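Student: Here the protein sequences line up with chains H and B, keeping their order. Heads up: the first sequence begins at 1 in the working numbering, then just goes up one per residue. Heads up: the second sequence begins at 1 in the working numbering, then just goes up one per residue.
Everything labelled a hint here was simulated from the structure, so no lab data went into it. Quick caveat: nothing in here was measured; it's all calculated off a predicted structure. Among the clues, some could well be false.
Stated by the list, open to error - One side only, chain H facing chain B, incomplete, derived with CB under 7 Å:
id: 1; residue: Glu-28
id: 2; residue: Val-97
id: 3; residue: Glu-100
id: 4; residue: Leu-102
id: 5; residue: Gly-103
Quick reminder that beta carbons are idealized off the backbone N, C-alpha and C, glycines included.
Listed below, chain by chain, are the residues.
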Amino acid sequence: MLTKPPKRPGLVWRATLTTMLGACATKEPILLDLRLDLLPAPSTRWTTPDGVEVSVTAAHVGLSQIQLSVPMQANATSVLGGAQATAHPGHDLGGSVRGELLGPWELDLVNGAEGIAQGQAWEDNYERAALSFSSEPASHLQGTAMVDGREVPFDLLLANTTTIDGFPFPVQLKAGASDTIQIQADLTSILGSIDWNTPDANGDGTLTTVDPPMTETTSFGLTSINSWNLSLMVHPK
Amino acid sequence: MALWSPLALGADEVAQEGTTPASTSGAAKADLEVLVAAPANSASAVHLERDRLHTFPGRSTDDLLRAVPGLHTSAHGGRGKAYQYFLRGFDAVHGADLSVRLHGMPLNEVSNAHGHGYLDLAFIPSELVYRLEASPGVHGPLQGDFGLAGSADLTLGSATPGTVLELGAGTEPSVLLGLRWTPETASPRNSGTFAWAQIDQGAGVGEARGWRQARAGAAWASRPFQSMQGNLLLLAYQGEFESPGVIRAEQLESGGMGAYEAYTPAGFGASRRLVLIANGEAQLGESRFFALLWGGLRDLSLVQNFTGWQQRPILGDSTTQISQTGSLGARVFGRKTYYERIEVQVGGETRGDWVEGQLAWGRGEPSPHETIEALRTIPLEVAGFGGLRIVPDPRIAAELYLRGGLFHTQVQRTYFGGQELDQPEVVVARTPFVLPRSQIRWQVLPGSTLFASYGRGLRSPTAFAMRESGRAPLTTSEGADLGIEQHLGKSRVHMSGFGTWISNELLFDHTAARFLSAGATRRIGADAGLEIPIGRWFRSQADLTFTDGRTLSDGALLPYVPRYLAGLGLYYARPLDQWRLNGGLRGWFLAPRPLPQGLWSAPTGTLDLTLHAEGPSNAKGHAWLLDLDASNLLFRPYIDGEFVFASDWERGGSTTALPTRHLTIGNPTTMHVVVGRRF
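The whole structure should be built from the sequences, with the hints applied where relevant.
Tutor: Here it is, written out as structure tokens:
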């Protein structure tokens, strides 16, 4: 059995073909390496408009992946050929996702971390991103809230698998640079939907996701597009 | 079997095309034993008889289609599943845009669960293909559904009397056992009666490439009267095959996988087919009548996995597709010549199918809870056609045809989107169509002929796309072709420019279960070919096709469309003492073509060889036969197909959605030898 793999067209091949056949450019986008850095949350202690002083001591969020997408193509090339083959892929463009970082990871929102993940993305002009939360590891937020002089500890554990789609990410990725995706969470937004006067339903002295409606309000904040900032840091090589 | 009158264009010209010489006498016109070629409708048209086909390398009927300029096929690495076809800027997938007929019977399968127009030629023994007539583009009144990119007609036959017992072996390893009978009355002009049976089994090179096929059939040709002829053809086929699927390109390049390895679980399938074709024709005065009646039973099941665990991380993405079809069709038409210069043609055609189709997750017999979609459909096509062929001057022929009709499709869907429907969903769609076609053929100088044609092509909608009653949208194309054919002695040069425009590329989004209007597209290009004899025994042939396919809205290149396809062949035929030797060495080269995501495919190609020898007959009339086929004489794997999509073969964890390049690997370097004894 022959196992020598077919070779990609090299420079000589390309030059020869271009000369022989003309106008047959084979310039291709390159698959780039991406790094993911987590920036520390800008504030871990703040006062809400209602006068509640919130202090976050630990905030860990589970993310399963980040996907980067180019604009959807509406012309024939986006789906051409797929019409007649019901059975297998490979006759269409394969979707608009052109970059991704695959987890899962546990993000320490308070302290941040560098180089927490590696991913890949094709050279392209990107439009949006999608953040997917994971249940393993789950998200865990801890701290206290001073409500009318009364200290209310909170310990919120969420196994949320929601995806924030359509996250604006208008960046251009191209070869010749080292690209780092920076992600940062806004804890004031993540916890901004919580009513700190929520009764401690189970009487354990701590606001948890067992106490309704803490799961809903915390989930809403955690998966709000406003709670996250995604940016690109380009380091020329 | 297609028998044609050359009308006023003359037999000299026909003979120049390398076909069986014809007589132009009035008596010969009425003699149905005189086989003459249909006047070519395009400079790129192909008309190959058995003597040429026999020298064309390839071990399947699909391989013979490579003789059509600009037609590229991809076998996806296995034997038994339908090929993928590319022609004139169309990714015809598994046959959606390439219409192929056998003895007039349409072979494209309507609403097949694997792909609309599924064109499985594995049931046709390539060694019995006696005639191949193919035309890129849209021509004439007989080209019907699925003929957007082109059409081909196959005729089976056996012209050498005797009973042949064949035993073969290949290096995969593989074995072949065949028995063929041809009556003593057989001749090149009377090749329509024969019978055969063949068993072919192989392990394939590498992984998941095994196959097992059995074919049998019989054909009977009868001429009860001098001016009447009838043919009957019965074919039966059963095949089981493995299908290696794709390999992620980066794994092949990094050495993580060998070229002929396959992911686990790989695909497999089973295919059964029974076909009965009856046709006849009669000459009554200046009129000639043709009648065709055909029927078929078909059963196809495919299990495959192209994406690993990307869509279903726990259970895997294997799917099963099942199509069970019963088909019945008929065609009648007549031609009558008036004043020796005008030929009027009128006819009609109908086809009805009964299709049970099912798509399901899993491998093997699907359980109800795994069914994704299941339907029963009865598509019916009724068409009428007519037109004129006018020959104002012996050198000029102008043709004008109109084909019109109706698709009536009834769909009863019981599963959709993975859910069993509370009530079967019944859809009834009726869609009329009108297809004007015209062409001019002008012999400007002796041996030099100009061709110009316009034709509207048609692709019917698949039942899997029909969710609403009413008029189902059709895909129609407007195509034009301008070419020239020049004979210089025994050499032939041809060149064509072509264009196809589709104003509204209708596509079906299977995820959303709705039609998408994907805008206008156009495909333009040119092909050129050259055929030169070398000495007495050799003949060389070369062709080159360029196609540029783009969307009209933004000029984007259509993905997967081959831009440059070249073929080069050297063929040999000679008697040597009492031996008859012939063969061919042919290579093809496919230049980089655009893929999705701005990627380009790698250049690819290969070289194949076929040799045949027939020894002298002894006193009893017995003779030895030897066939040798060698595939891929470049002695290295070549890329057969490239696709861009997301797959994930690492079970567990997060699944990647990043589209990447996937490859199918073409034929390995193999050799097959068949030894036969003619009794």
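Student: Can you verify the interface hint for Glu-100(H): is its Cβ closer than 7 Å to any Cβ in chain B?
Tutor: 5 Å, holds
Student: Should the interface hint for Leu-102(H) be scored as holding, given a Cβ-Cβ cut-off of 7 Å against chain B?
Tutor: 4 Å, holds
Student: Does Val-97(H) hold up as a contact with chain B if the rule is Cβ-Cβ below 7 Å?
Tutor: At about 4 Å, which falls below the 7 Å cut-off, the nearest Cβ of chain B leaves the hint on Val-97(H) intact, so it holds.
Student: With 7 Å as the cut and Cβ atoms as the points, is Gly-103(H) at the interface with chain B?
Tutor: 6 Å, holds
Student: Does the CB of Glu-28(H) sit less than 7 Å away from some CB of chain B?
Tutor: Hint on Glu-28(H): holds, closest Cβ of chain B at ~5 Å, below 7 Å.
When each numbered hint is compared with the structure, no violation occurs for any of them.
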